[in-house]
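Protein chains in written order, with this note's numbering: chain H, 1 to 376; chain S, 377 to 681.
It should be emphasised that the hints constitute simulated quantities derived from the structure, not laboratory data. Nothing here was measured: the structure is a model prediction, and the numbers come from that model. Careful: at least some of the hints might be erroneous.
[Stated by the list, open to error] To give a feel for the contact side, a few chain S residues facing chain H, derived at Cβ under 7 angstroms: (1) Val-394; (2) Thr-414; (3) Leu-418; (4) Glu-458; (5) Gly-459; (6) Tyr-471; (7) Arg-561; (8) Thr-562.
[Unchecked claim] Some chain S residues judged to face chain H by a derived CB distance under 10 angstroms, without partners named: (9) Phe-417; (10) Glu-525; (11) Leu-574; (12) Glu-599; (13) Ala-614; (14) Glu-618.
[Said to hold, decoys possible] Footprint (simulated), chain S over chain H, 3 or more residues, beta carbon under 8 angstroms: (15) 39-46; (16) 163-174; (17) 359-366.
Yeah, the Cβ is synthetic: ideal placement off N, Cα and C, and Gly gets one too.
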Amino acid sequence: MTQTGDALLADLVGFGRLLRAGGAEVGPGRVADAVRGLEAVGLRDDRDVYFTLRQTLVSHREELELFDRAFASWMRGVGAARLEEQDVKVLASASTRRSGGDEGREGEERQGETSTRGASIVEVLRQKDFALLDEGELEEVARLLSEVGRVRPRRTSRRLRPSARGQRLDVRRLVRRSLRSGGELVELPTRTRKVVPRKLVVLCDVSGSMAPYARALLLFLHATAQAGRVEAFAFGTRLHRLTSDLAARNPDAALAQVSQHVVDWGSGTRIGASLKQFNDEYGRQALSRGAVVVIASDGWERGDPELLGREMARLSRAAYSVVWINPLKGTPGYEPLAQGMRAALPFVDRFLPGHNLDSLEGLAGVLAGIERRHAA
Amino acid sequence: MHATACRIYALAVDLRSVDELENALREVDYLPDRGLATALFLATALEKPVLLEGEAGVGKTEAAKALSRARGARLIRLQCYEGLDVAHAVYEWNYTRQLLHIRAAQEGTVSEQELFGQDFLIRRPLLEAIDADDPVVLLVDEIDRADEEFEAFLLEVLSDFQITIPELGTIRARRRPVVVLTSNRTRELHDALKRRCLFHWIDHPSLEREVEIVKLKVPGVAERLALEAAAFVRELRASDLEKPPGVAETIDWAQALTVLGRQGIDDEVVETTLGSLLKVREDVVALREGRLAALVADAVAVASS
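Chain S extracted, bound-state conformation:
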């Protein structure tokens, strides 16, 4: 992050109640339900990490991004994956520069202290977040993908908010970052980590809220289309699919239908645009062969009631 940006961000917005946070999130185009707003508020107020779990596509990652925008804080994101280690999550030494430096200097004149100083340090997300002077939202995305060794390490960092680099010493957080962890539950997280965190399960949004989201994210969407699209996606989630569509899919789909100049949905247009909602071939086939027409009819009926 640039120095100028840091200065601007240093004026973090102080949000003193759940209502204030909810409004601030709305202002940055994110519509949380009350539970999520409470969870994000508590994460800030209690300075505790919050773990967000929920089906794919309910907006876990988006929530952290919105929180950073709403608070005027810098977002630092650590995307987890199998094999993620300290070198990619915390810090690494710039080996190329170190080697060049040793070679360029006269023999015997390079001290270890010089070689392992700030100049040769590559700062990765966790160090960046702990060692920040400006307000920060740290997003640890898909923690369930990282392996258990890393989880244990993260637990340590989140307990003390400090990082030890053998060559440099211990770096303590001067102001604690707001920490948001997300998990898709591909595996059960360790209890110790869960105990350290606030926990919030995000459900798919209610029909009303999803309509609201569509109208916010798809400019020019017809009122009836927004309602019918949301209702249809809701029907899909209730039926038996391998990969039920998330909110992002609803938005994409409503966007596509709007571009096509649609005011509402019918069998034909659903049939041709199904690909933007369902990402698994089996689901598309099962639906085409089966209940598609019935689901469309149901959705239209729900929307008009």
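Looking at chain H on its own, in the form it has when it is part of the complex:
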């Protein structure tokens, strides 16, 4: 280690670049910290070098695996050749983080054109099933969705703000004002609780049977995420966290990123197993506690419906309210006959269609006014 020490310091910038190529956010300040850190701990012990770099360069648990690979690969290269391009590619594909940036602006030009099409076409679009939309219509819908998604469920915060009709005394103001009147309490300023957005968690089924709706729903998710913090997940056979993918401003760029990560796009559905993964990994971190959880799926379960019921029960215990949107519900005469759907329904507070723009607007309305434990 000691002989390679100088090479190591010199090549640290390259290591930072390697991590960035893998999708980790490594700012220049972090590399400087890593250098200072290595100076402080010394280079005698490989473990210290490893942990120093990890603790200074990485700030997300999700990036640890990426870091380990990069570190192993970099250690092989220290004092010898540069990293092979191959490694970078492996890292890039292994990454689970966004790489940032707003690529893919091609869709924008058409927007001006579509907005002149007139209101009646918009009316038709509102009612049209997502599965029947052509490319141009889908873009128009995307534009309209960006308005719909802004509505959020709300709750009262424990934080207080000054208010004329509040219930709690604002003692700080009271003292200040009474100073003027020599200690007499002339008026009683009060404070009240703030109203803040409630946590919103959205789980979107992107399996084969949902494919026609997935794109529209993801656009809806993207619009919702722009309006504030939303935890978004896609699932098919497994669960994928989308929150960071949806951070890109441009919906098409966001969708491109999402589709890169959701590898089982268009495969079978295991809703129960995916929910279990959600409950195990994120429910345990209390992500769902007090949240409005929206599940978008047609309820076609390939796995065990009993597992689905069990996991729905767990989810509904933690969540403030569970909303299920099912595109099939838009079909006249639809009955929830799918086994999975039947197993899940007892734990669903609101059961809504989600097959067209109109119904997603309905969803936005429901979210804005949701209260606990509605009947399905």
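Dock chain S against the given chain H, drawing on the hints supplied.
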């Protein structure tokens, strides 16, 4: 903290390498793994806050406490919760005293300066830590529970190590406290705050280390019991539970078994004492109905190998 205590604490131990810190932590009965020792060392050496994340019960809070003991520094703890605001985290004016003071004084003789001076200031943890002359470890516990407004405020404090009180002016840290933040990841922290911090993910300890911890924390524990208990808890963590037991649970459980005079574990005693390991009813039920015996057998096998 009392004045005398401050004087003693002013002799903060200077730990110049990861090895030295690791040994110092061991001396105060805390057994860190190398990664944690490195993280705490870097927090001191680089004067950067360190963010500790990990499952509940891996010893995040305990790490900060141990660091303060090992360095002979004063521990100042800020427990976060939803709605935590400046009045509870930084400072507050003592309103009752202020009002009494205004009333007691003759009309018109109280100046604002007098009323908003040090005498009427209640110092909360952040101010206490910034305005300290003695070495301090500031523990910001469960930062993920505080809301985002507070997180943004904390970021500001941790960037400049100064606090502005409108009535008194700006107070700068004369010596920077060592800052340890912990998070259970109930929500994702803001990237800006994460960038400001060193980051360390704490895993559950290895089997060897957990045995070591049990032997250290439970006086009189039988060698075989320590090993089997740690091995069994490890099996539990690997199985599918709502709330896997943390290190504190292992210690409690080994303690209970020692009081019962046990030298090792078997189905029966595990069955009756399961409550000190598992805190969720569903977990207890699932285990009783299912693999309990198999897990015990596995643990005993691991322990004897």
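So, going through the hints one by one against the coordinates:
1. Against a cut-off of 7 angstroms between C-beta atoms, the interface hint on Val-394/S holds, since the closest Cβ of chain H lies about 5 angstroms away.
2. Interface hint at Thr-414/S: satisfied, since its Cβ lies 4 angstroms from the closest Cβ of chain H, which is below the 7 angstroms cut-off.
3. The interface hint given for Leu-418/S is met, as the beta carbon of that residue sits about 5 angstroms from the closest beta carbon of chain H, less than 7 angstroms.
4. Look at Glu-458/S: its Cβ gets to within about 5 angstroms of chain H, closer than 7 angstroms, so that hint holds up.
5. The interface hint given for Gly-459/S holds, since its Cβ lies 3 angstroms from the closest Cβ of chain H, which is under the 7 angstroms cut-off.
6. The restraint placing Tyr-471/S at the interface with chain H holds, with a minimum CB-CB distance near 4 angstroms, inside the 7 angstroms limit.
7. Given hint, Arg-561/S at the interface with chain H, holds; its Cβ is 4 angstroms from that chain's nearest Cβ, closer than 7 angstroms.
8. Restraint check, Thr-562/S versus chain H: the minimum CB separation of about 4 angstroms is within 7 angstroms; hint holds.
9. Interface hint status for Phe-417/S: upheld, as the beta-carbon distance to the closest one in chain H is roughly 6 angstroms, under 10 angstroms.
10. This hint holds: Glu-525/S has a C-beta 7 angstroms from the nearest C-beta of chain H, less than the 10 angstroms allowed.
11. Because the closest C-beta pair between Leu-574/S and chain H is about 5 angstroms apart, less than 10 angstroms, the hint holds.
12. Because the beta carbon of Glu-599/S sits about 28 angstroms from the nearest beta carbon in chain H, more than 10 angstroms, this interface hint is broken.
13. Evaluation of the Ala-614/S hint against chain H yields a violated restraint, the C-beta minimum of about 13 angstroms exceeding 10 angstroms.
14. Because the beta carbon of Glu-618/S sits about 7 angstroms from the nearest beta carbon in chain H, less than 10 angstroms, this interface hint is met.
15. Residue count for the segment 39-46 of chain H with a Cβ under 8 angstroms from a Cβ of chain S: 4. That meets the three needed, and the coverage hint holds.
16. With 3 residues bearing a CB less than 8 angstroms from a CB of chain S, the segment 163-174 of chain H meets the requirement of three and the coverage assertion stands.
17. Restraint check on the segment 359-366 of chain H versus chain S: 0 residues with Cβ-Cβ distances below 8 angstroms, three needed, restraint violated.
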